[in-house]
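Residue numbers (the working numbering), protein chains in the order written: chain S, 1 to 386; chain A, 1001 to 1336; chain Y, 2001 to 2202.
Hints in this document: simulated from the structure, not taken from any laboratory.
Please read these numbers as outputs of a predicted model, since none were measured by experiment.
Yeah, the Cβ is synthetic: ideal placement off N, Cα and C, and Gly gets one too.
Keep in mind that the hints are not guaranteed to be accurate.
Incomplete in silico selection of chain S near chain A, CB under 8 Å [what the hints assert, rightly or not]: (1) Leu-19; (2) Met-21; (3) Cys-130; (4) Ala-141; (5) Ala-214; (6) Lys-366.
Which bits of chain S does chain Y cover? Going by a derived footprint, with three or more residues having C-beta under 8 Å, they are [said to hold, decoys possible]: (7) 154–166; (8) 196–206; (9) 304–314.
DSBU-like mimics (lysine-lysine), calculated; alpha carbons at most 35 Å apart, straight line [as the list claims (entries may be wrong)]: (10) Y:Lys-2141 x Y:Lys-2043; (11) Y:Lys-2025 x S:Lys-366; (12) S:Lys-99 x S:Lys-307; (13) S:Lys-77 x Y:Lys-2141; (14) Y:Lys-2084 x S:Lys-77; (15) S:Lys-77 x S:Lys-261; (16) Y:Lys-2043 x A:Lys-1066; (17) S:Lys-307 x Y:Lys-2125; (18) S:Lys-307 x Y:Lys-2141; (19) S:Lys-61 x S:Lys-99; (20) Y:Lys-2084 x S:Lys-346; (21) S:Lys-307 x Y:Lys-2097; (22) Y:Lys-2097 x S:Lys-341; (23) Y:Lys-2092 x S:Lys-307; (24) S:Lys-366 x A:Lys-1311; (25) Y:Lys-2125 x S:Lys-341; (26) A:Lys-1311 x Y:Lys-2025; (27) S:Lys-77 x S:Lys-99; (28) S:Lys-187 x Y:Lys-2125; (29) S:Lys-346 x S:Lys-77; (30) S:Lys-341 x Y:Lys-2084; (31) Y:Lys-2084 x S:Lys-61; (32) S:Lys-61 x Y:Lys-2125; (33) Y:Lys-2125 x A:Lys-1038; (34) A:Lys-1038 x Y:Lys-2025; (35) S:Lys-307 x Y:Lys-2084; (36) Y:Lys-2097 x S:Lys-61.
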Amino acid sequence: MDPEARKVVELGYGGSERLTMNMGPQHPSAHGVFRAILTLEGETVVGVDAVIGYLHRCHEKLGESLTYTQYPSIASKTDYVAAMTSELAYVRAAELVGKVEVPRRAQYLRVIVAELQRIASHCLWLGTWCLDMGGALGGGATVFLYCIREREWVLDLFEALVGARLLYGFHQVGGTRYDIPAGWAQKCRETVGLIERRLDEYEDMLERNAFFLARTQGVGGISRELAQTVGISGPLIRGSGVSYDIRRLEPYSSYEDFDFKVPVETAGDCYARYRVRMVEFRESINIVRQALDGLPEGPVSSRPGVKSVGQVRIAKGEGYARVEGPRGEVGCYLVSDGGAKPYRMKWRGASFSNLSVLPHILIGCKVADVVAIMGSVDPVFGEVDR
Amino acid sequence: MASLPPLAAEALHGFVVAFIVLNVIIGMVTYVTLLERKFAARMQSRIGPYRVGPHGLLQPIADALKLMMKEDVVPRAADRSVYNLAPIVFLVPCMLIFATLPFAPGLGIADLNIGLLFFLAVSAMEIVGLFMGGWGSNNKYALLSAMRAVNQIISYDLPFIFVALVPVVLAGSLKLSDIAAAQAGLWYAGWFPLGTLAFLFYVVATLAAENRVPFDILEAESELVAGFRVEYSGMKFALIQLGEYAHMIGTSYLGALLFLGAWAGPWADTSPWWGALWFLLKAMFVFLLVTWIRWSFVRIRADQILAISWKLLLPASLLLLMATALVVALRGAGNG
Amino acid sequence: MARRLGESFWGDLLDLVRAVTRAMKVTLVNLIRRPVTVHYPDKVRTYPDRYRGLLALTYDRETGEENCIGCRLCEYICPPQVIKVEMLKAEKRNFAKTFTLELYACEFCELCVQVCPTDAIIMMKSFDMSTADRRELLLDKDRLHEIGLRFEPSWATGNLLRDMQTPPKAPRAEGDHAKAGEPEKVAGAGKAQGAKPGGAGE
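When you get a sec, could you build the whole thing from the sequences and use the hints?
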């Protein structure tokens, strides 16, 4: 049925009593600290008031008081689920403004790490989305634990590379801090091979499952025009028919060397976004393999050794660098006055802009759809509140 | 015993048997929770309870002790009498259903000749307790969930009854021990295609009657945090859990009786205890089947659940019942 | 690619039955697989060489003296500013008079390890220091040295981390290359398309 007509019919039906329900900041499916004050008529949502800011930790002020060497470790904490891409946005901004060269080996390592991070982040997305839809005591928990089990393999890789599992501090201005240890490339290939096989299992469980399709098809549709006006990015916009991927549009960090597909779906509903992310899984695995095959030799930083821990003086100027994170466009706008710390740093959080689409798609859907939609939007509140 | 008047003796006998059965059921309920947790854990690549007692065998006891020691928090604005009575009104029907179940030939509390009718009628009364809990809690989440639950259980009780009537038609009696005895040759679940379909529909209807995923909009932890149980803590919560799992076991037993031949099995005729063992194992099989389904699927939306019930399951179970009746009538007409 | 629901009743029903059996088969297969749980603390999983665990101060292997010269570089680089050092000047070299590290606020970012010129502060391959009182996590110099002796150290020290960022210019002696955790040199062509499949040297 036409979504507009459906809204009219359901809002007009006997709905005399409106119930205000709070999906509060502490909620098993709020994906973080997010408060949505829903106005319900029966089971239909007729109004949504989103309250954010529960996780505000003054990242932008911290960026002004920490040097370019100290801040990348903190930058991971914005999008803590995909820490590598968050750090990458910051160091790219600093390198852009300061015109710092990055050696090719570092660029390839950054690509490998970013794509592995995309795989890990999408594992978490799939797990938590099914957990929200299926219940913590039910099939959702099963898919969640399978996805976490796969994510653990990727985190083991990161642990062998960096020493940390969630928040890395892997990037530095001029390249990366660490190089890959002996045997890591082989382990990486085995891990992505294992994940590729397990992906087939997930698709088996979900792909043609009528329960899953009934929950996700036709739910939370974002039309192509809405997608282009409202400022979303990442799998949300690619699920609505717009082919917008920063890795293709403005290739950074040697992405132009790799051959990968950018998945685009036209339906715009939760199922389309699910398909986009599932294809992105496989494409990321593809990119990781290509990068490992072609990894050049050389230094991993243009400011190696003692320079890596010294002060970085970025020339006066300003610039905006963006990366394609698992949730969308993560960007960092840096204004430098020539010193060792930025004068002003602004984060463009992917989830913050993605949340702006919520008032458009939540109205008219049922309460149960709210969780399905929130899951497919996949916000991480570290990015939203910074 | 001979000195007591016959009525009193019968009453005393009934009381003792009921007491024993109730305690056995409560013991079984606690260990069934452990079974479910370990089974689910293994399906999720992890180990369930492991530390409390060897391989977690003392976990249910630890849970029971914990619930008994918890503070009984009553919301200030709750409707006191309704709130306090709800767990009891929920629990009693769930325990009463065991009254007519024959655990083995001769082992049962009261083998009424309207046994199945009693079972179905009494088990539907838990809805009252459920709604009392949702209403008395004075909590929007609880109320929403209770309303959804009443909707769902009523919608699925109808197919449940129709499907439960299929073995009745086949056996020709509402008495549960008769239905069990009539399956001596072929279990009704093995009577292809109508019997197997009836068994499958029974499993689906059980899932819905028990608020298990994929029909668990009642709890829907991710939306409604524990449903109508959200404001209960301590012993009242324990009573609700007890009632839920007792009902679960009861419907598993009923499924095993109606479709899987109850106590039929090797050496069943030598002693009623062997029969009771087979019955238990079959009931656990039905329970694990339901659990397996529960841990494999995401849940579906409330309106979709009702659509499935009214548009799919009800007509299908009606057709099944009519087809079974037709077959029986033709067979009877052919014989007699 | 899955079809849209609602197109055909019998098709949907058949799909449902197939999907249900497939999903249940996946869970059944996982029922038989070995669980991935590690029975911590009875069994501890092996931590990788570069694990960032607890922080510790070290002694010199030959002379047995403290490595720390109290230069305060770690204090300046620490993002949450949890290290506080006071220098003690002596004849041949300086020492640290006091060295406090607030472990409860530490980010475990390894920047202090990376900056240390004498490899004095390092991280261990363990994190087992849970306590009921946060004040026990305010580590002073003695406790930091004690941690350094108690647990197994990670591979990373300041000099190794700084050297990792540039490959060695001249070929070194045999023993040096045999160090565990040497950065791996993957021989391959520059562009991905022209690379040999599988990459040589792995």
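Check your understanding: Which hints from the list above does the structure break, by number from lowest to highest?
Key -> none
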